[in-house]
Structures are given as structure tokens and as C-alpha cells.
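Chains A and B supply the protein sequences, listed in that same order. Per my numbering, the first sequence starts with residue 271, numbered consecutively. Per my numbering, the second sequence starts with residue 271, numbered consecutively.
Possibly wrong hints are sitting among the right ones.
Since copy identity is lost for identical chains, a pair holds within one copy or between any two.
In the EDC-like style, the derived pairs of lysine to aspartate or glutamate whose C-alpha atoms are separated by at most 20 angstroms in a straight line are [as the list claims (entries may be wrong)]:
no., residue 1, residue 2
1, LYS522, GLU397
2, LYS522, ASP339
3, LYS332, GLU606
4, LYS507, GLU395
5, LYS482, GLU560
Hints are computed from structural coordinates only; laboratory data are not their basis.
2 protein chains.
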Amino acid sequence: MGIHGNATCVMNYDGATGWLLGEEHKGMRAMFTMMNEARLGVGLQGYAQAEIAYQNARAWAKERLQGRDPLRRADNAGPTADPLIVHPDIRRNLMDQKAFVEGARAFAYWAAMLIDRSRRQGDAEAEALVSLLIPVLKGFLTDRGFEMTVAAQQIFGGHGYIEETGISQFVRDARIAMIYEGANGIQALDLVARKLPLQGGKPFMAFLEEVKGTIRAHEDDADIRASVLEPLKAASKDLQAAAMLFMERAAKAPQDALAGATDFMHLMGHVCLGLMWARMAAAARRALAEGRGDRAFLEAKLATARYHAARVLPATALHLARIRAGGETVMALPPEAF
Amino acid sequence: MGIHGNATCVMNYDGATGWLLGEEHKGMRAMFTMMNEARLGVGLQGYAQAEIAYQNARAWAKERLQGRDPLRRADNAGPTADPLIVHPDIRRNLMDQKAFVEGARAFAYWAAMLIDRSRRQGDAEAEALVSLLIPVLKGFLTDRGFEMTVAAQQIFGGHGYIEETGISQFVRDARIAMIYEGANGIQALDLVARKLPLQGGKPFMAFLEEVKGTIRAHEDDADIRASVLEPLKAASKDLQAAAMLFMERAAKAPQDALAGATDFMHLMGHVCLGLMWARMAAAARRALAEGRGDRAFLEAKLATARYHAARVLPATALHLARIRAGGETVMALPPEAF
Chain A
271 MGIHGNATCV MNYDGATGWL LGEEHKGMRA MFTMMNEARL GVGLQGYAQA
321 EIAYQNARAW AKERLQGRDP LRRADNAGPT ADPLIVHPDI RRNLMDQKAF
371 VEGARAFAYW AAMLIDRSRR QGDAEAEALV SLLIPVLKGF LTDRGFEMTV
421 AAQQIFGGHG YIEETGISQF VRDARIAMIY EGANGIQALD LVARKLPLQG
471 GKPFMAFLEE VKGTIRAHED DADIRASVLE PLKAASKDLQ AAAMLFMERA
521 AKAPQDALAG ATDFMHLMGH VCLGLMWARM AAAARRALAE GRGDRAFLEA
571 KLATARYHAA RVLPATALHL ARIRAGGETV MALPPEAF
Chain B
271 MGIHGNATCV MNYDGATGWL LGEEHKGMRA MFTMMNEARL GVGLQGYAQA
321 EIAYQNARAW AKERLQGRDP LRRADNAGPT ADPLIVHPDI RRNLMDQKAF
371 VEGARAFAYW AAMLIDRSRR QGDAEAEALV SLLIPVLKGF LTDRGFEMTV
421 AAQQIFGGHG YIEETGISQF VRDARIAMIY EGANGIQALD LVARKLPLQG
471 GKPFMAFLEE VKGTIRAHED DADIRASVLE PLKAASKDLQ AAAMLFMERA
521 AKAPQDALAG ATDFMHLMGH VCLGLMWARM AAAARRALAE GRGDRAFLEA
571 KLATARYHAA RVLPATALHL ARIRAGGETV MALPPEAF
């Protein structure tokens, strides 16, 4: 399917001699010492494949002439066609990609900074927070990153399915990031079963506090309050409601958290990117007010933040609805009914 | 990427002689005479790839031993592992696939029956209805069908990314169905710009009437009213609201329908599968009451209908929220800002 530059083989251990590394029955713990960095690396692969796919798709959308602008040329007159980028459905697709890749890049930088603070400054709070965020970063950026390569491929139409344009390789290569370094179902399980209850929920509360602090710091700015901050507040309330629900049902219906784990990981991923977009929007507003930087770049950041809030963040309500539905319908069938 | 059994080549028409088929400037219309059947065929490919991928994934989930049942064996005792299918997140994934493939199969049969009624009995209403449904069937079944092959591949873990298991081929082959016979963005455009306003909206009203009629016919059955019919009613209200919104904004903001076209196609696709599940649930209830058929099979149908209503249908609210957000944020950036 992909990563053909990587030498992959089956290793057969039948009849091999094994040596014990570390203490007996502590293997998982030993492995987890390298996990945060490795999983950040794979999350970055999800983002990076989406980024290169987006760069290719936007170039194609500007260059490729196909169909007529439905908003300006309803008369179907004239012999020439318009570039793909004039079509609202192509634009929607590109905006989805742009909102994802720029948000994901910021999220990965934030996590890397938290790892630095933990390693170089011995910051225990940063370490706890990044331990909570890593399964979200790995699972969400690779699931969504793959989706975005598929979206980018779609912009190429028939040219997306031939090898000449190179776009299908990003799809094929991105697919493995959802699987290796712990399949995303395992990331979701790690999040709800290990990271959420960590230190009595302290890192999770610290994350919600990061969101609230960002909203509080900028809510005087009417220009981004309604269009960026309030949707983020609604999304983070969905996240909090989902976590509360898992806690309340933990004793009576432990399957609810397990059956809702993937939805929770995605819900939290959307809030993470919403937080990044709120911070980027606030920074852009500040720079614009102070007359610093490239005006067009800063205004594009603001417009993309608004797009993310209006058309991506509402996904949190769907994930919460699925979580609220509980695990009963998920586990209703006996295995032999499949 | 895929369909390697298909001989694909570039055909170059530079310097070739062309002959006119039919009347001048009526080419599109001539092509559309074969479109309904061709698009039903490609929609079926989306369903069929999901079906074979599901059949492979459920077999793997029952056979492959990995991890311990988190609900029954929290003590981590014993040397053996449990089959994947005991894990709630694997079960959620399999239920998503099962709810899709059985619903999609029914949807494709229904469309084929409407084509038969139109061809063999000259039923003009059936023809209008199937003309409305075809872009939904092609776009939704191939978008979701591809997603389901990806979900099936995920169940294989690392084995999903090697060619030995055969599962990656379904993903690679399914991808093209979203592109050919009119890329899915074109299906969405055909739906909102041509099919929805067809005959002053009559076929669309007839579709909504099919949904209402099914709900009315079975709402006395308390066992499926709350769990299957009411969620379908809510989903079809979302669909109606989206269509009304396009109509209201058609003059002032024509970009809203174009920017919301893909969301509308998916919203309607979910309602179509919800309608199929309501009918299958009602048929299962009737057979159970009359003591006909295989009890386990009929009860699995009911449980899957409930899963679809609880965990899949809520997606209509997300599509409506995106449509309500309008086209402004979609079109806010100038092309050079990408």
C-alpha cells in the first residue's frame, strides 16, 4: 500500500533465545519511557502527509481549468473554463485542509514545547499535560491527517487516481500512521482509561483551564468573541460533559467509556485545534492592531479561524451525542451475530 | 493505487477527427440518458467493497487473539488472550460497518426497484424519485463505502498494511468510486442545483412523504418508536430544514447551497439509510410477532437498526449545522491566500 522506501519484513521468533531487559512483568512500563516522543513523531507524520497533500491540491486547484464559475457565469457563455478553485465545493474542501494543517502544526509545536519544558526545566505539570495530550495528538492527527490526504486527492479528480501526479502516494503512505506506534483504538483506550484518571484528573482539569484562560484573555475582543471564542467554549463544554458522563457511569456501565473512547479522542482533538485557532486568531488580531507583519497573511489566519469555528468545531456535538448513547447498542449483539 | 485488473491508459485526441453524435450543444443531455444506471452501478461498487471488507474484518476479529477482555478480565490474569471482537472499540467499528453495509444494500435494491418500475411499468413518479436519489446513492455509498473499507482495514492492525491479508486492496480499489462516473462533488452539485428543484421540488417532497409514511405506519409499535422511528423523524426534519434554507437563501446567497452541497448529500444519505433501517426493523418486528424466520437473524436486524439510530443518524445535525453556517466563511479567502 505504501511507505515503499521503508524496508519491512516479518521477523520470526520461533525457537529464538530471549533475554530479559529490566524487571520481570515491567516490560510495558519500560516501553512507555520512549512512548511520548515516538507518538509525537507519528502524529507529526499524519500532519505532514496532510500538509504536502494540501500544498499539491491547492496548486492543482489554481491551475486546472474545469467547469465554469457557478456564481459569476451562470449563462454558460464563452469557450474557456475557470480554475477549479472558484467552485464553492472545492473551496470548502481546501478550507477543511487549510484549517486542519495549520491547526495541527500549532498543536504539534505546543506538544513539543511541553516536552522541552518537561525535559529541560523539569516542569512536572508540563509533563503531566503532555502525557494527556499525546494519545490525542497521535490518534487525531493521524485519523484526520489521512482523511485530509483523501480530500486532497479528491481535488485532482481522475488525475488523483493515477500515479503521475504523485497525490495517491500521500494517501497510501499516511494510512499506516493510524496503525503503527499503537493503533488509534489503543490511543483512545490509553486516553480514557489511563490518562483521563491520571492524578485524579488533574492534567485534564489543567487542559480545560488552558482553554478557559485563552477565552478569558481575549473575550473583550468583539471581533473574535462570537466567531471564534464562543464556539470553542461550546466545544469544550461538550468535552467536559463527556468526561463527566464517563465518571458517573464508570461503576455501573464501564463499557460506556470503552465504547465511547474513539469519539472522546476525536472530541478532544477538535477542542485542541480549536484552542490553537483561538490563540492564532488572537495573535493575528494583536499584530493587525499594532500594524505588524503581513496583513494578507494575518487576515487569512483570522478567516481560517472563523471557518474552523463555524464548520469544523460543531463536530464535538456529534461525538458527545454518540458518547451519550452509551455502550449498550454497541455491545448488544453476541459475537456470532456478526 | 488500485483496480489493477482494469486496463487504464491515457487517450490523446490531439489532431484526431471528431464526429457529432446527436444534436449540437445537446451532448450533456444525450449522456444523461445512461447516467442513472451507470451511477447506480458505481454506488454499488462503494457498497460492495465495504461488504467484502466487512466480511474479512469480522472473520479476523473473531479469530485474532489480542489483549484481554477489559470488561471481564480486569485482573490481567491467565496466559491467553481474547479475540479482538470482545473489545468495545472493535465492536463499535464492526457495528458501524454492519449498519452501513446492510442499510446500503437495501438502499441499492430500492433504487434498482424504482428503475424497474420506471422502465417496465412506465411509472413517472418512480422515475422522478430515482433521479433524485441517484446522486445521493452514488456519492454517499462511495464516500461512506470507502470510509468503511478503511475502518475494516483498521481492525487488522499491522496486518492491515501488508498485502498478505488482502484487506488493503479493498481500500485501494474503493477509492476510485468516489471519483469516476462524476466525482462526488459533482454528484452533490447535481443534487442541490438540478434534482432538488426538479418539477418544483415534487420528487423531494415525495421522498419526505416516503419517510413520513413509514414512520406513521409503524409508530404504534412502542418497541421501535423511541429507538428507531423518532431518531429518523429528527433526521428528516434536519433534511427538510436544510432544503428550506437553500430555497430561502437562493436569491441573496446562491453560494450557500453550493458550499453546502456535499453536506446536504451526506445528510440525505443518512436519512435514506435511516429509512431503510426503519423498514427493516418493522419487517423484523412483524416476522418475530408471527413466529416466522430465524429469530437470531431478526433480533440482530433490530439491534443494528437501534445502533444506526443511536450512533449514526445524529450526524444529520452536524451536516445541518455546517449548512446553516452558510457559504461566507467558505468563500472568505481570495484564491491567492491558499
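Hint check:
For the homomeric pair LYS522 and GLU397, neither the shortest alpha-carbon distance inside one copy (32 angstroms) nor that between copies (52 angstroms) is at most 20 angstroms. In the homo-oligomer, the alpha carbons of LYS522 and ASP339 lie at most 20 angstroms apart only across protomers (17 angstroms), although the nearest pairing inside one protomer, at 57 angstroms, exceeds that limit. In this assembly of identical chains, the alpha carbons of LYS332 and GLU606 lie at most 20 angstroms apart only when taken from different copies (9 angstroms versus 52 angstroms within one copy). When the C-alpha separation of LYS507 and GLU395 is checked against a cutoff of 20 angstroms, the pair qualifies neither within a copy, at 23 angstroms, nor between copies, at 47 angstroms.
Taking CA atoms no more than 20 angstroms apart as the test, LYS482 paired with GLU560 passes in neither setting, with 25 angstroms inside one copy and 57 angstroms between copies.
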